[in-house]
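Engineer: Next come the chains, spelled out residue by residue.
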Amino acid sequence: MTTSLGKIVDKVSAGERLSFDDGITLFLEPDLLAVGSLANEVCEHKHGDRVYFNRNMRIELTNVCVASCLFCSFAKLEAHAPGAHTMSLEEAWHELETRMDDPPSEIHIVNGLHPGLPFSYYEELLSGFKRIKPDIVMKCFTAVEIHFFAEHYRLSHEEVLLRLQKAGLDSLPGGGAEIFHPEVRTRISHDKATADQYLEVHRTAHRLGMRTNTTMLYGHIETFSHRVDHMLRVRALQDETNGFQAFIPLAFHPDGNGMKNLPAPTAVDDLRTLAVSRLMLDNVPHIKAYWVSMTPKIAQVGLRFGANDIDGTIVHETIYHAAGSSSPQGLRYEELVRLIREAGRVPVERDTHYNVVREWMPSAMPEAACKVRDRNADRHLRVLS
Amino acid sequence: MMLRVAAVKYLNARPLYETLDREAFSLELALPGEVARRLAEDECDVALIPVAAAASLGDVVFLEGCAIGASGAVGSVLIVANEPLETVREIALDLSSRTSAVLARLVVSHRLGRQPKWVGLPASEAIDFVGEGRAALIIGDPALVARDKYSHVIDLAAAWTEWTGLPFVFAAWAARDGVVDERAHELIARAANEGLERRSSIAEAWAAEHGLPVAPYAAYLRENVRYAFGPREQQGLQRFFDEASQAKLLPPTKVVIAGGKATRIEPLDSILARAEQGGRLSVGDGLRLFREASLFDLALASDAVRRRKHPQPVVTYIVDRNVNYTNVCTTSCRFCAFYRPVGHAEGYVLTRDQLRPKLQEVVSAGGVQILLQGGLNPDLRIGWYEDLFAWIKAEFGLGLHALSPEEILHIAKMEGLSVTDVLVRLQRAGLDSVPGGGAEILVDRVRRKIAKAKCTSDEWLFVMRKAHQLGLRSSCTMMYGTVDSERDRMLHLVKLRDLQDETGGFTAFFCWDFQHEQGTTIEPGDGGTTLYLRQQAIARLMLDNVDHVGASWVTQGPDVGQVALRFGADDFGSVMFEENVVSSAGTTFRMDARAMEERIHRAGFRAVRRNVRYEWLGEPS
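Line by line, the protein sequences are chains B and W.
Under our numbering, residue 385 is the last one in the first sequence; the count climbs by one each step, no gaps.
Under our numbering, residue 621 is the last one in the second sequence; the count climbs by one each step, no gaps.
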């Protein structure tokens, strides 16, 4: 452990906020375990042994997209390009209808920026899901999509969000943040919402009463300074609105995209980035080890490196898999419970807004010996810092 | 319920168990090491065990009252030679009792101020070992018979008492805490009292069995063996534990008496600090770490041990190829999806023509060895292996890391040869080292459940011991996550450590969890990456005498393998060739080695290739 890390340990113990330079130190510190254990302490102080997951279902309706992000292996620019696909509303709803015997609590929708669909497509999409399952939580459309809707349909951010909210939108996923700093953003995704526009959409959503997530795509051409800068921009908006629930670092995967010559970040970088996120983002309640991006194995270790959420069942992820992710496309509920338990944590099923649905007993294997405690009565328990 | 008792079958133990109430106890007799194994592996409830075994376990209590010891000469634990100790260069150790072996090391190094070379040999061979510059430790009944045949005899108990002024305790009744209630304890004490009254008749019976005169043996039981186990004997035992832990031969141990006042439990931090500094851990210590230490406690301690053993920030790896020469096998292990029974349509034996391109690829890619393993195929005789090895050496000059203990035992049985003879012949044909596969968990209860037809843990260790004695090196492994308990895994590690004390032949340790595959019939038990990292870190802490720990990326994936470099590993295993990769080997190899080095570098280490002896081949990059 270096002296500068020693100072950071003191600051963290005193509850002081870390600076930009501290963030750089945390990335450069040779002792990964020192950074990880510090993040783990902060995480345990905030959440004890609890690790959240949910029953969610990802749907990607269209891969047609007007943006040309270098890191993306999913989008097809033209509607008629080979492999381009857009679901009908009925096809989308069918995904939920076929799972009503064991339904998800959340639907997470992320799409390409499709230039040829009417706005009503999205409104009907939302209201249709709510018709099938009125209490389903719709966490749909990244800030980049919201901004695209505003420009494309000549509406303000607020108008877009209000209309979608009326149709059933509950929350925004955190995608599209990439790296905020213009030195990077202009190079990897020059033709979509800027950092300010992205943050403005979330600011507006928070003002309208929505709680949202945010992300950071790391491990490509950005430097540690860009990562820390990114975190500080999140922290600043959070100071203003307190509307972010979770921060989700996303590892860049290189297969089949415009940066395919870059090596993917390795596991030690994944773990360190989780840890630094936990330490820098003192005002964001949850840090998520997104198992799709970092593999279930490393996500499990991430639960000791600052993360207290592991995302959900997902069911059928396609964006990361287009970029060569080796993770499964979905995990069964029991697999998530087991993954969390094996890390020595207490699995807590949550809804989108971190209300507790069900808290599992902490004991490890065997599964059968573990009793389930139903915590529906306690739905309003918010585990904030 | 009947308590299961195990006791040492030597003459000196007879008075303690001869009159044991057989309605309250079932009794089994065995050699000391076997008695200790039974207690360790829960095959008995209370046992008269060598005290060193109790120290290695660390989670047993002693029953007060009676034990087997001596104050002054005992007559049955001797170092014998035909010359003074001062000129002896090598001493053979009878491996059936670890206590005497540790006592011998302590006494000899106290007397000489140096260590001679210690050679592990079974009792029968130890006696034959004595010659010019060579002495032997002999114990138990063989010692009583052999005592007058040598010009120089050191009675180790006498030497101990002379050195410390205290009695010595060789074996004592021990049990897991809480197993022996007051009534059982009383019955054991009563049996001892009655047995001691009958020492003369016991000696008579023994002498009659062996056709020997009674008098010396009656005197041995009456005068030499001290059966008391009170405060003074306990003090002597504590001194032995202290000396042995100082010499790093045994874990630090407190003599804990059943039903006695609770002893202070060692704080976790103190166990961790001891481990970091290279101190020895008992099975009980290992379990404390397993159950109480956080992931970071284990990571930091194991990382510190790695740094102490390997001060340079370098991670090694090897370029080799895994060649499975046959899939025909007679054992049908429940966890194996690879084997085919004899006569099965999918059974194969690789021909030279099939082997040649594989080996040529290794050579072209700069590889230095092959890992050659296969099933137990009854059609392949020792000559087949000799020819194959000689051919590989002559044609390709590759190192041969070949044939697990199971395969070597199979050849020995099939050919009616001793394990040593098989190893000597294979070594002559080109064998360089023995892979540590097939160890699984070296606890027979576990082995019987997952691989009934496979060798016992003692047989596995026996082959490794013989190989090491011939100058061959080997790796050692652990496959957990079937029906094994946490304690089984600790026992496994201690068995490896005990053998390493004897031979120093293990180069590296690798562990992995049971890989559930289709076609196997065992349900996986505990698993997960966190557990893997904990298990590897604990192994690094327990195996204080093994130089290297490797990250098993082949089973855990390259990501976890990389993280494991911060959990005690200093080696990244091997860049293996994919059997089904059609593209030119050069390309595949460079990609793989580069990816491996890339991961090593990103984890903060330099990378260097090694050979099977873990010697660097070049400078780290």
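Simulated from the structure, these hints should not be mistaken for laboratory data.
Any given hint could turn out to be false.
To be verified - Looking from chain B toward chain W, a few residues come up when the C-beta cut is under 8 Å (computed): (1) Pro30; (2) Gly36; (3) Ser37; (4) Asn40; (5) Thr86; (6) Ser88; (7) Glu90; (8) Ala267; (9) Val268; (10) Leu271; (11) Lys297; (12) Gly344.
Unchecked claim - What follows is a list of derived Cβ distance ranges for each label pair: (13) B/Lys133 <-> W/Arg176: 39 to 47 Å; (14) B/Lys260 <-> W/Arg445: 47 to 55 Å; (15) B/Tyr333 <-> W/Pro341: 36 to 44 Å; (16) B/Lys133 <-> W/Ser332: 32 to 40 Å; (17) B/Gly256 <-> W/Glu598: 18 to 26 Å; (18) W/Arg606 <-> B/Glu335: 32 to 40 Å.
Fair warning: this is a prediction, and the values are worked out from it, not measured in the lab.
The beta carbon of each residue, even a glycine, is placed where N, CA and C say it ideally should be.
Engineer: State for each hint whether it applies.
Structural biologist: Here is how each hint holds up against the structure:
no.: 1; hint: Pro30; result: holds (6 Å)
no.: 2; hint: Gly36; result: holds (7 Å)
no.: 3; hint: Ser37; result: holds (4 Å)
no.: 4; hint: Asn40; result: holds (6 Å)
no.: 5; hint: Thr86; result: violated (35 Å)
no.: 6; hint: Ser88; result: violated (38 Å)
no.: 7; hint: Glu90; result: violated (38 Å)
no.: 8; hint: Ala267; result: holds (4 Å)
no.: 9; hint: Val268; result: holds (5 Å)
no.: 10; hint: Leu271; result: holds (7 Å)
no.: 11; hint: Lys297; result: holds (4 Å)
no.: 12; hint: Gly344; result: holds (7 Å)
no.: 13; hint: B/Lys133 <-> W/Arg176: 39 to 47 Å; result: violated (55 Å)
no.: 14; hint: B/Lys260 <-> W/Arg445: 47 to 55 Å; result: holds (52 Å)
no.: 15; hint: B/Tyr333 <-> W/Pro341: 36 to 44 Å; result: holds (39 Å)
no.: 16; hint: B/Lys133 <-> W/Ser332: 32 to 40 Å; result: violated (50 Å)
no.: 17; hint: B/Gly256 <-> W/Glu598: 18 to 26 Å; result: holds (20 Å)
no.: 18; hint: W/Arg606 <-> B/Glu335: 32 to 40 Å; result: holds (38 Å)
Hints 5, 6, 7, 13, 16 from the list above are not met by this structure, while the remaining hints are.
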